[in-house]
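Working from the sequences, and respecting the hints, build out all of it.
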Amino acid sequence: MRIACIIPARYGSTRLPGKPLAMIGNKPMIQRVYEQVSKATEIHEVIVATDDERVYDAVTAFGGQVMMTRADHLTGTDRLAEVAATRTDIDVIINVQGDEPLIDASVIDELARQFKEDSTLQMGTVGCPLLESEYNEPSAVKVIVNRLGNAMYFSRSLIPHPRHAFVVPPLKHVGMYGYNRQFLLAYAKMEPTPAELTESLEQLRALENGYTIRVITTDQRFVGVDTPEDLERVNEIFHQLEA
Numbered sequence: 001m002r003i004a005c006i007i008p009a010r011y012g013s014t015r016l017p018g019k020p021l022a023m024i025g026n027k028p029m030i031q032r033v034y035e036q037v038s039k040a041t042e043i044h045e046v047i048v049a050t051d052d053e054r055v056y057d058a059v060t061a062f063g064g065q066v067m068m069t070r071a072d073h074l075t076g077t078d079r080l081a082e083v084a085a086t087r088t089d090i091d092v093i094i095n096v097q098g099d100e101p102l103i104d105a106s107v108i109d110e111l112a113r114q115f116k117e118d119s120t121l122q123m124g125t126v127g128c129p130l131l132e133s134e135y136n137e138p139s140a141v142k143v144i145v146n147r148l149g150n151a152m153y154f155s156r157s158l159i160p161h162p163r164h165a166f167v168v169p170p171l172k173h174v175g176m177y178g179y180n181r182q183f184l185l186a187y188a189k190m191e192p193t194p195a196e197l198t199e200s201l202e203q204l205r206a207l208e209n210g211y212t213i214r215v216i217t218t219d220q221r222f223v224g225v226d227t228p229e230d231l232e233r234v235n236e237i238f239h240q241l242e243a
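The sequence shown begins at 1 in our numbering and counts up one residue at a time.
Take these hints with a grain of salt, some might be off.
Derived SDA-like pairs (lysine to any residue); straight-line CA-CA distance at most 20 angstroms [claimed, not checked]: (1) Lys39 with Asp104; (2) Lys27 with Gln240; (3) Lys27 with Leu231; (4) Lys116 with Glu45; (5) Lys189 with Gly210; (6) Lys189 with His73; (7) Lys172 with Glu196; (8) Lys27 with Leu102; (9) Lys189 with Arg70; (10) Lys39 with Gln114; (11) Lys172 with Ile144; (12) Lys27 with Glu53.
Everything labelled a hint here was simulated from the structure, so no lab data went into it.
Next comes the structure, spelled out in structure tokens:
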């Protein structure tokens, strides 16, 4: 089984233009993400998928593997599918966002192992503990998991509603995905679904069409970069790590 990690890296960003090339210490963010992902031992190759020649040139400059994709993709899944369509030798694709410079390789490895251990698995993702301060924060996506470890629902609202004290602590969704290649190609062609459009959560499309999403859990919390404030915080963390 050949497993590849694809990092979608779109240059345009409303809150942080040119985000993949934002500097973290002496390296652009896309290089930081690439280097973190490359530490995973279950991954056979890492590919950056971008729509911008500046990102392409930056990845090439540090010796990374990169593929130019169309600029008109509406979602990161569409960008992944374009790469997957050209790579028939890849069996499983792990998607790590290009704004997660602190992602831990051990979590990538655990997600990859799910596919090695279950050849029928089509899609997987990650959850971590939800902080109480995030209960009513729509940007913190919640996920509820059944006893088999599969997602029951994702929501921007708090789920399950705590009419009584939580029996199991709620989980926050971490936007890392794993896909069987054939499922990814089919998934990218599915029409948007009602709950997906209501919540603006693309993963609900799989659930609404009756597919299973495996959820692995981790106690680690990752700091993504969406704003200049996030970038400043991540720079401080890397400065401490490299001191």
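Structure versus earlier hints, numbers of those that do not hold, lowest first: The structure breaks none of the hints.
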